[in-house]
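S.K.: Listed below are the residues making up each chain.
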Amino acid sequence: MSDVWRLYSTKVMEHFKDPRNVGEIENADGVGHVGNPVCGDIMELYIKVDKGIITDAKFKTFGCGAAIATSSMVTEMVKGKTLDEALKITNAAVAEALDGLPSVKMHCSVLAEDALKLAINDYYKRQGMVSKVVVPEAEHDHHIHDEEEN
Amino acid sequence: MKRVYLDYAATTPTRPEVVEAMRPYFTEAFGNPSSLYSYGQEAKGAIETARTKVAALINARAEEILFTSGGTEADNLALVGVAYASEGKKDHIITSMIEHHAVLETAKFLEKRGFKITYLPVDAYGMVNPDDVRKAITPKTALVSIMHANNEVGTIQPIEEIGQIAKDGGAYFHTDAVQTTGHIEVDVNKLGVNLLSMSAHKLYGPKGVGALYVRKGTRIASLMHGGEQERRRRAGTENVPGIVGLGVAAELAGEEMREEAERLIGLRDRLTQGLMERIEHLHYNGHPLKRLPNNVSICVGFIEGESMVLNLDLDGICVSTGSACSSASLEPSHVLAAMGLPPELVHGTLRFTMGKWTTEGDIERVFEVLPKIVAKLRAMSPLLKSPR
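Which chain is which? The protein sequence lines are A and B, in order.
Residue 52 in the numbering used here sits at position 52 of the first sequence, with consecutive numbering throughout.
Residue 1328 in the numbering used here sits at position 328 of the second sequence, with consecutive numbering throughout.
Treat the hints as calculated values from the structure; they're not laboratory data.
On a predicted model such as this, the values are computed, not experimentally measured, just so you know.
Watch out, some of these pointers could steer you wrong.
Dumping the calculated DSSO-like pairs for lysine-lysine here, alpha-carbon to alpha-carbon at most 30 Å [claimed, not checked]:
| no. | chain 1 | residue 1 | chain 2 | residue 2 |
| --- | --- | --- | --- | --- |
| 1 | B | K1190 | A | K48 |
| 2 | B | K1002 | B | K1089 |
| 3 | A | K58 | B | K1376 |
| 4 | B | K1356 | B | K1385 |
| 5 | B | K1207 | B | K1135 |
| 6 | B | K1376 | B | K1290 |
| 7 | A | K58 | B | K1372 |
| 8 | B | K1376 | A | K79 |
| 9 | A | K11 | A | K132 |
| 10 | B | K1002 | A | K11 |
Chain B residues, not near chain A, derived (Cβ > 12 Å throughout) [as the list claims (entries may be wrong)]:
| no. | residue |
| --- | --- |
| 11 | E1017 |
| 12 | H1092 |
| 13 | E1105 |
| 14 | E1185 |
| 15 | K1190 |
| 16 | E1255 |
| 17 | D1269 |
| 18 | P1288 |
| 19 | T1321 |
| 20 | P1342 |
| 21 | E1344 |
| 22 | H1347 |
| 23 | K1385 |
The beta-carbon is built from N, C-alpha and C at its ideal position, and this holds for glycine as well.
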């Protein structure tokens, strides 16, 4: 039977089936942690930074197909970017890179954007560059937890 | 790839015998049952035959069966119909926190219009305590509505006991029996109900048709107006093929139910045990014994349901989840929450419901596929910090 109605784009399913950059980075230079179990999505983003450039990114995510795919995509997008470039990545850009997300799943892309911003903030904090820290706008369903200092 | 369908509680395929029985009512016997000539009378006769068959399945009288567009309409009609018929006399309805949305949302609709609704809690098995009904019932209680078996976790409620309490308290009693009719014994007299909802597509009948049992003498207002159909309680030209389909499905279910339930209990228990053996950190949902023959509900720790469902689908296995992410509302299962499960477990629920075409091989396929998916998703779960 044809005309199967699909929830997700082929690109989302590709990243969901075969997520890139899964895992933690030991001695990461920055970690972003967003979401909570109540809302059903938790994303952790790890970055390695060298001379202002993100050289590696990995993630761990508890969440739906869209949450996993956006995590995977955002780690792909930031690698090789400067911190300033990475900070300009919006949730819409992540969603667009995945050929779109269903409207009820757009919050997952917001989660990815926030995880990235928090990871970069964490890097700046660790470097003592407090003036660079930007607080993401909490204009969505998810409650943002600043990563506790370990 | 062979598809393994394990979501019979969502819907069932229509049995070939049922499709065959329905077929003439689309074409040769297309008449309007309200017409006086023979085309109409043939259709009318088919409806009455179906009514007798449906009544026989639940030990009711034919004239107590009212055909609807499905389980949702039957639930709406039961609640709103009784509420409107009781207006000015009684204004209280008792239901439970684990009802299907067709009951819960209808109760909320009535609540906004001034009715008082008591939503009873359930225990950790998803069971309503009849004592809670006894405590909640007052002379102002118009209706008690408690489902026969829960669609998510499969727990079968103490309906007979609650029925007696409702009767003693002078309230009508409704049960949503969408998950049980045609699957386990449903006897309106043993259960002591005034009203009972059922749906055709949960028992190998077609979608778009169901029925409400209305015990003789039970006063309900109509929701549909503008025709004499269904003894003026449900206006609108009857879905003749659908009703015929429901009748045949009910008849066949009555013949095969006992044997089929036994077979399904075997598969159910095998699936449950096999999953427990193969996957760590599983939480079993629902009552182990007072349970639908075909339902297995589990929470898989540290991972989320939609991602499991999607992965299973990639391997051809169809199941459902109570995760918020799977629903448009983004609300997690109200049933599991009412049972006291923490949110992260609720998000990791899987429901397997088996049926007529489920085989041992299907269960084996789940054993083969699911542990790998769980391992893959746990490897990316931030909730699981230590090595597995």
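S.K.: For every hint, state whether the structure bears it out.
M.R.: Structure-based check of each hint:
no. : hint                : in the structure
1   : K1190(B) / K48(A)   : violated, 68 Å
2   : K1002(B) / K1089(B) : violated, 57 Å
3   : K58(A) / K1376(B)   : holds, 16 Å
4   : K1356(B) / K1385(B) : violated, 42 Å
5   : K1207(B) / K1135(B) : violated, 38 Å
6   : K1376(B) / K1290(B) : violated, 34 Å
7   : K58(A) / K1372(B)   : holds, 22 Å
8   : K1376(B) / K79(A)   : holds, 24 Å
9   : K11(A) / K132(A)    : violated, 34 Å
10  : K1002(B) / K11(A)   : holds, 25 Å
11  : E1017               : holds, 22 Å
12  : H1092               : holds, 33 Å
13  : E1105               : holds, 19 Å
14  : E1185               : holds, 37 Å
15  : K1190               : holds, 41 Å
16  : E1255               : holds, 31 Å
17  : D1269               : holds, 30 Å
18  : P1288               : holds, 26 Å
19  : T1321               : violated, 10 Å
20  : P1342               : violated, 7 Å
21  : E1344               : violated, 4 Å
22  : H1347               : violated, 4 Å
23  : K1385               : violated, 9 Å
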